[in-house]
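Asker: Each chain is listed here by its residues.
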Amino acid sequence: AQSVTQPDIHITVSEGASLELRCNYSYGATPYLFWYVQSPGQGLQLLLKYFSGDTLVQGIKGFEAEFKRSQSSFNLRKPSVHWSDAAEYFCAVGPMEYGNKLVFGAGTILRVKS
Amino acid sequence: EAGVTQFPSHSVIEKGQTVTLRCDPISGHDNLYWYRRVMGKEIKFLLHFVKESKQDESGMPNNRFLAERTGGTYSTLKVQPAELEDSGVYFCASSHDQGLAGIETQYFGPGTRLLVL
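As you go down the protein sequences, you meet chains W and F in turn.
If you're matching positions, the first sequence starts at 64 in this note's numbering and goes up one per residue.
If you're matching positions, the second sequence starts at 4 in this note's numbering and goes up one per residue.
Hints listed in this document are in silico derivations from the structure and should not be mistaken for laboratory results.
Don't take each hint at face value.
Claimed, not checked - A short, non-exhaustive set of chain F residues, derived as facing chain W with CB atoms under 7 Å:
1) 45
2) 46
3) 48
4) 111
For each residue, glycine too, the CB sits at the ideal point set by N, CA and C.
With these hints in hand, go ahead and build the complete structure from the sequences.
Answerer: What follows is the structure in structure tokens.
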């Protein structure tokens, strides 16, 4: 069965510092991969997605993620964090077969200190 | 274009009562999904509609949960009777027809926060 692991439950970074959130997946074939963000009081917003092609994916709000098949990873990065990035981040994998349900990681809560 | 909307945003009920959650997907989206996040756990899939038909309901926890999508537009998720462990955030998502692409991006609503006392 597919699974997604986000090893870090909480991460705290200083404003202006770089950020990397880790995501590892377990899946038998090439997955479809997503990063979503949930700001306080808001719903889930899609940051970026990987379906195929270039393994470095650019998203909204200055985020990017790199798909590494050999490591089964899809880590999210941002070169300079802003206070407004404080939120909870979810990595998700989608199956190939018809049905399209997403399997989510447990989430990583990002705190930004000034 | 309006996003996915959910109603109510919060609901507090007592054990044994009934609650109905509503989701309005993005206009034109045939696929509608329900997910749930129980406190401290992962967001987990409940079920998937294609238009008015249930495509996959493998994630529904038990027969106290009933989902409908009459006419293939909005959907309701009824919990009857509610139990303490049903507390959590219920998310709805929608996506366009998959066609040959195999998968389409799911757009999520803000969620309904359900607390069962």
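Asker: Indicate, hint by hint, whether the structure satisfies it.
Answerer: How the hints compare with the structure:
Given hint, residue 45 of chain F at the interface with chain W, holds; its Cβ is 5 Å from that chain's nearest Cβ, closer than 7 Å. The restraint placing residue 46 of chain F at the interface with chain W holds, with a minimum CB-CB distance near 4 Å, inside the 7 Å limit. Contact between residue 48 of chain F and chain W, as hinted, is supported at the beta carbon level, the nearest pair being about 4 Å apart and thus within 7 Å. Given hint, residue 111 of chain F at the interface with chain W, holds; its Cβ is 4 Å from that chain's nearest Cβ, closer than 7 Å.
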